[in-house]
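Use the sequences and the hints to build the structure in full.
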Amino acid sequence: MGEILANATTILLFGIAYAMLLFIISVGLSITMGLMGFVNLAHGSFAMVGGYVTVTLVSGEGVHFLLALVIAFVVVALLGVILEKSLYRWIYRRPELDQVLFTIGIVFMSVAAVTFVWDNNPRNIPTPDLPGFLTGNLDLGFTQFPAYRAFMILAGGVIVAALFYGLERTRIGAQVRAAVDNRRMAESCGINTTMLFTLVFALGSGMAALGGGLGIQILGGLKPTFAFDFLVIFLIVVAVGGLGNIRGTFFAALLLGIIDYAGNYFLPSGGGFFIYGVTFIVLLLRPQGLFGKAG
Amino acid sequence: MADANMTPQPSPAVQQLLRRHRFRVVELLPWIAAIAVFYLFPGYRLLATQVLVLILFALSVDLIVGYAGIVTLGHTAYFGTGAYAAALLARPEWQETLWNVGAQPLVGIAAGTVAGALLGLISGWIILRTRELTLLMLTLALTFLLHELAKDIDGLTGTLITGGFDGINFTMNPILGIFEFDPIFYSTNYWYAFAVLVVGFLIVRTIVNSPFGATLVGIRENVRRMHAVGSPVQRRMLMVYVISCAIAGLAGAVWVQVQDNVTIAVYEFELAGAILIMVILGGTGRLYGAFIGVLVYMILENLTETVLGTDPPYWELVVGGALVLTVLFAPRGLLGIGEDVSTMLGRKRR
Amino acid sequence: MVTGRALALAGAAMIAATGMAEAREIKVGFVAPKSGGLAQLGDQLEKGARLYLKLHAKELGGNTIKLIVRDSKRPGGPIAKAAAAGLVARDKVEILTGVIFSPNAMSIAPIATAAKVPFVVMNAGTSWITKLSPNIARVSFTMWQAGFIMGEYAVKELGCKTAIAGYTNYPPGKDSANAFKRGFERAGGKVLELLPMGGPRTPPDFTPFYQRVKDKKPNCFYVFVPGGNHSAAASKSYVQMGLKQAGIRFIGPGDVTHELQLQSIGPAIAGTVVAIHYHSDLKNPTNKAYVKAFKAEYGPKAIPDFVSVGGYDGMAAIFHIIKSAKGGKITAKAAIDSLRGWKHNSPRGPIMVDPKTRDIVQNIYIARIVNDNGTLRHKTIKTITAVRDKCKELGIGRCK
Chain H
10 MGEILANATT ILLFGIAYAM LLFIISVGLS ITMGLMGFVN LAHGSFAMVG GYVTVTLVSG
70 EGVHFLLALV IAFVVVALLG VILEKSLYRW IYRRPELDQV LFTIGIVFMS VAAVTFVWDN
130 NPRNIPTPDL PGFLTGNLDL GFTQFPAYRA FMILAGGVIV AALFYGLERT RIGAQVRAAV
190 DNRRMAESCG INTTMLFTLV FALGSGMAAL GGGLGIQILG GLKPTFAFDF LVIFLIVVAV
250 GGLGNIRGTF FAALLLGIID YAGNYFLPSG GGFFIYGVTF IVLLLRPQGL FGKAG
Chain Z
-3 MADANMTPQP SPAVQQLLRR HRFRVVELLP WIAAIAVFYL FPGYRLLATQ VLVLILFALS
57 VDLIVGYAGI VTLGHTAYFG TGAYAAALLA RPEWQETLWN VGAQPLVGIA AGTVAGALLG
117 LISGWIILRT RELTLLMLTL ALTFLLHELA KDIDGLTGTL ITGGFDGINF TMNPILGIFE
177 FDPIFYSTNY WYAFAVLVVG FLIVRTIVNS PFGATLVGIR ENVRRMHAVG SPVQRRMLMV
237 YVISCAIAGL AGAVWVQVQD NVTIAVYEFE LAGAILIMVI LGGTGRLYGA FIGVLVYMIL
297 ENLTETVLGT DPPYWELVVG GALVLTVLFA PRGLLGIGED VSTMLGRKRR
Chain F
269 MVTGRALALA GAAMIAATGM AEAREIKVGF VAPKSGGLAQ LGDQLEKGAR LYLKLHAKEL
329 GGNTIKLIVR DSKRPGGPIA KAAAAGLVAR DKVEILTGVI FSPNAMSIAP IATAAKVPFV
389 VMNAGTSWIT KLSPNIARVS FTMWQAGFIM GEYAVKELGC KTAIAGYTNY PPGKDSANAF
449 KRGFERAGGK VLELLPMGGP RTPPDFTPFY QRVKDKKPNC FYVFVPGGNH SAAASKSYVQ
509 MGLKQAGIRF IGPGDVTHEL QLQSIGPAIA GTVVAIHYHS DLKNPTNKAY VKAFKAEYGP
569 KAIPDFVSVG GYDGMAAIFH IIKSAKGGKI TAKAAIDSLR GWKHNSPRGP IMVDPKTRDI
629 VQNIYIARIV NDNGTLRHKT IKTITAVRDK CKELGIGRCK
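Residue numbers (the numbering used here), protein chains in the order written: chain H, 10 to 304; chain Z, -3 to 346; chain F, 269 to 668.
It is possible that some hints are incorrect.
[As the list claims (entries may be wrong)] Taking beta-carbon pairs under 8 Å as the criterion, some of the chain Z residues facing chain F (in silico):
| # | residue |
| --- | --- |
| 1 | L42 |
| 2 | K147 |
| 3 | G151 |
| 4 | N165 |
| 5 | F181 |
| 6 | P207 |
| 7 | F208 |
| 8 | A210 |
| 9 | Q255 |
| 10 | T259 |
| 11 | E266 |
| 12 | W311 |
| 13 | E312 |
| 14 | L313 |
| 15 | E335 |
Hint data in this document are derived by calculation from the structure and do not stem from the laboratory.
Since the structure is predicted, the reported quantities are computational estimates derived from the model, not experimental observations.
Even glycine gets a Cβ: it sits at the ideal position worked out from N, Cα and C.
Encoded structure:
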């Protein structure tokens, strides 16, 4: 009995670590889609670039991993602002299909750009280049748990708390919530939604980059097709959670992360079914997502 | 609009419908081009055959995206199911059990069409209750589920069925017992795909120009109004979805038949995404948009490397650039440019 | 159709007629991934092939080879197939080669048969590929070679009584795991489970599977994953998940310690034992020359791995085809016949193409990963000579 409990806890912990990663990357996508009704399929490209920046800094320049993450966040957030101001703003009012085509085009181009700058070879952070406290194992008594995943849970927890605080307790957060609920009404109350959107877009892109950097160790490295390979899973998290809903995205990430992990653990031969099966069922029962607005 | 036909005096709306139904000379152009390609570019014939089949697939997508407003990222579910239906029927090991008709191409495409339609009926009945992103994700999840199933079914059942990731090779019998498939120069294969495309196109064209097609456009433009005029919206949507899935299944069947080989690539998300991109690129809701979209995309994807000659071949840059530029400068797709040019020329002539 | 074929034949005859008189250019079509997530493998393959071409160009007696490279992009069949069809019909290549992914090889096989073009497989390792066309010969490896031997070795020399075989769920992976199981159980061990660990395109997060293994406590954990990110993740997870501390031995074919990724795994992987047909630390003189030439050509950081050797030896086989073509004319049957029983001194040691199955016969090395002053290296601890494809020998499944 004790062993079963220990096993279950281990699975849960791993699942949560993965879920945190899913949340960090997907949350920006969820908010941009909820706020502007803008379908940004290129979100994964920001995560990819963030990952590449992190790898380059850590294993090329010898920068500390945590500092590299911060730099990746800033660089990609800036990149997000530039793209948003120069390209994206032209297509906000265009039909969804145009947005799909446009942002997929950006993904294609980012794949080529990454190939050009960093070449085709898959990238990894060599274990010796990571700070020592992230490489070992934690002894939890009933099991050994990788320190990196523990750090992932911790970092995820901090970010979730910060986001909730920012959204629920600050003025900007209130403005974002108001704009998601009803943009026109928010605008007529004097909220500068254009400005707000740029801000949220930058934050979302930066978060994606952070996730990209953090995810290298968990998703097994980087390659130029990263933005395509993970596009679907990010979309799934957003749809299951409900558009523009941080709480929804968080619980969707938890649900999917844990189910994916447990599914692979208990039934390896059918592992791939679980995440899609659950998505299918959840969306049928709650088309607006777990926490989405009805109708 | 659906009942407009019954009035004795043709109203302007009916006249417009009739006018659209009539064939114009310019509509012959793509077909002449397709015939010309056969003779002008014999070295590209397999690629050209793939283009023809994908045009049919794109038409099925345009039917629901462009006419009924159902955006899907998972139409490979039906394409792939049609493909596997035809491929499994043609498996050499099973011919005896199948009364030796399984490898007949026409049997295969019939099976593919039916398989696509059946899956479309069942899945459409379930998922068409939802809209927009949710619907998009449901179609996507369905394709992924089928992809996993095709990949793992051999392992789960312990027998060789789909061949998993590697797929299966097979040989088709001659069409109608006369025309042999040609695995080097792909001439029979090309005409076969051409013939199926003609038939498929005529069906789709008839549908979109019929009152039924007009209802679909009505649903896309204003669902509430269609409800208000008493149109059975849900049933119409399901009907067009099933038709679209049947055509996708047909395309899938032809796809594997002309290539003697099936792999799980027929269920790939990349293909589902690419076909939607091709339709939007060409211009949705216009039929011929599918032609130009598929052609341009396939050329950019497959031939960039021979033109640029770089290593690695930056085909993604060219494809991506084309998509971005299209959205920025040709909001109605590539066909939209053609239409603008022809209107301009028309004005000058006047 | 008939006229088309007749024309092609007439063309070939003309080429042959002129070829007898003077030296000519022979076109070789090379299909491999050059973009996408696994382009690195395509690059390595091409580097190997081009290196041989450069070093041995003079041996063709004035003839030259034009290598026409086509990108197969994704692992599925249609793109590779259209590329191969174009190479045959448009570029008029006389030999097809390359191919990293097994499904690509399978979709190209009917073209090789119908167009009567010899097809030299430089990498794709699913056992039964050679069965798909009489015009295929393979110079790389089959998954059964390393897997079976590792199975026997694990019981006899490493003292493992129980094992779990984890594999990436696609045909090479299944081949490898099944081969291991056969070898392991023939030597008296027991395989507790064949454990599929996701597909080749799913993100390589192996932790749930490793946790499962940890809870089942086998003596040995045999892992096959494709090279690249998968192999790095597979080895890293072994360290991270504490399987080492749990007393579970990590073994596999050479893919898990693929040299392109080996250094990034970290020193904790030292001690792992793998069965492999080539690693760049082999001591034979041909290999020393090969490694030197490879680094001279592509820079000191370039790594000559087993994929590059597949390309190198594949080109050697193509040279052999051209040299033994009578009157300079290359026909599929004569070409493949000339390769039957072909012996070659490769960087991986002596190799031969089996006269009956047209598949590779080669040495398999048992190697231990050692930490050589911060650089991880393979150290050969045992050599098993002249290993054939066990799948065909035993007549299993589609290999029958």
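Verification of the supplied hints:
1. L42: Nearest chain F Cβ about 4 Å off; hint holds.
2. K147: Where the cut-off is 8 Å and the nearest Cβ of chain F is about 6 Å from Z:K147, the hint holds.
3. G151: holds, 7 Å
4. N165: At 6 Å from the nearest chain F Cβ, Z:N165 passes the 8 Å test, so the hint holds.
5. F181: holds, 5 Å
6. P207: violated, 38 Å
7. F208: Violated. Min distance 34 Å.
8. A210: violated, 37 Å
9. Q255: This hint holds: Z:Q255 lies near chain F, its Cβ roughly 6 Å from the closest one there, short of 8 Å.
10. T259: Holds, because the Cβ-Cβ distance from Z:T259 to chain F comes to roughly 5 Å (cut-off 8 Å).
11. E266: Holds - the Cβ of Z:E266 comes within 8 Å of chain F, reaching about 7 Å at its closest.
12. W311: holds, 6 Å
13. E312: holds, 7 Å
14. L313: It is violated, given that the least Cβ distance between Z:L313 and chain F is near 10 Å, above 8 Å.
15. E335: violated, 31 Å
When each numbered hint is compared with the structure, violations occur for hints 6, 7, 8, 14, 15.
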